[in-house]
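Participant: Just need the whole structure built from these sequences, with the hints factored in.
If you're matching them up, the sequences are chains A and B in order. Numbered per the numbering used here, the first sequence spans residues 1 to 296. Numbered per the numbering used here, the second sequence spans residues 1001 to 1089.
In case anyone wonders, no lab produced these hints; they're calculated from the structure. Check each hint, because a few of them may be wrong.
As the list claims (entries may be wrong) - Derived Cβ-Cβ restraints for the label pairs, each shown as a range:
#, chain 1, residue 1, chain 2, residue 2, range
1, B, V1015, A, Q72, 18 to 26 Å
2, A, S40, B, L1026, 24 to 32 Å
3, B, N1063, A, H104, 49 to 57 Å
Quick caveat: nothing in here was measured; it's all calculated off a predicted structure. The beta carbon of each residue, even a glycine, is placed where N, CA and C say it ideally should be.
Listed below are the residues making up each chain.
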Amino acid sequence: MKDFFYHLFIPYHKNNHRSKILHVDSLLIIFLFLLSFGLSLIALKSARPDILGVSYSLSENELLVLTNNARQEKNLPSLIINQELTEAAQKKALHMFEKDYWAHFAPDGTSPWDFLKEEDYSYLYAGENLAKGFSNTQDVVQAWMNSPTHRDNILSDKFQEVGFAIVKGRLKGEDTVLIVEMFGSQNLQAYNVKRQANNNLIPQPKQNVMGKTENNNVSSYIPANNIFSQPIMDISIPSKTIPLFVLFVLLVVLTIDLAVIERKKIPRLVGHNVDHIMLISIFILYLLFIGTGGIL
Amino acid sequence: MTKKAIFKHDVYYFVELLILVVGFFLISVFSSDLPLQFILLIFILLSYITLGFMHHKINHEFNEKIVLEYVSISALILAGFLFLNIGRI
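Facilitator: Structure follows, in structure tokens:
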């Protein structure tokens, strides 16, 4: 057993002064292992998402609470959920899936404000935050708060109302969850006219306020749009740890191989270990620091 | 190894490092666009293989075994990237 590992990891005369794991045939076996194992996991994920799948815990309630918490820390009034903004956010998310784009402005020229107009939301100020591919609400709000432009929207004193949409679908060949946060404050004159018209036609629905009010009490909730999925195993665990482990082992072996050969000054016709070490190290750093989602 | 040769190697390693750092930085920036990330990775790996070939051809011996080694290491990185994204496919 000891000889086997020595042969695998240390360069000496029996492996032609090149660690066996770095031989092209061994590299090909590792490549085929990663490829076949990855394909098996994809097949299992498709067939049994309850066993192996993406773990999600996203809720509109939590989005509102976290947004309002950030505002309260800056002594700003809480945002109130507005049904028209919520509808506009839902339509924006569905529009991105239907037209397969990820942007504030659609390729056909549709702007975020078009969805507000469609909902008869007469805005004085409006804003939009987008997020994609996050698995929990805290990370979404944290990513927005880390970005100056998104933070400006969350902490703007111009906005009084907000609407959220959390929609799961397939975008650009990728299964993902889109989160849309629409901010607004209404043109008071238009708002009063609309309110008057509503009063004359139908009974005024009770206004729903989610999250914390200014005195930090949760007043009332509307049914929240949640996406919650808890498979037995979250796919992000093997998808990150397995390549990380394989490449880390290769990195260590390449470094040992380089050190031993440099010390013994043995001439050999192989690729530059320094090249491979640089490539693998940078890829490992990428694996370690990569985030899961994106914001716009 | 002469000073000139060391300088040649330094330039080569610097160019390679630059391509790798900028390339993976761009992959991180475009984290929400998987097809673009894949294209960027292919570009990085092709540059890596080409630079490796050039370096060996100019400064060292060059043969089929070296070609296969650079291609195998690149294929492993590609497999690692695909593995990383199995949740998104």
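Participant: Holds or violated: 24 to 32 Å for the Cβ distance of S40(A) and L1026(B)?
Facilitator: holds, 31 Å
Participant: A range of 49 to 57 Å was offered for this pair. Does it hold for the Cβ distance of N1063(B) and H104(A)?
Facilitator: holds, 53 Å
Participant: Can the suggested window of 18 to 26 Å be confirmed for the beta-carbon pair V1015(B) and Q72(A)?
Facilitator: violated, 51 Å
Consistency with the previously given hints fails for number 1 only.
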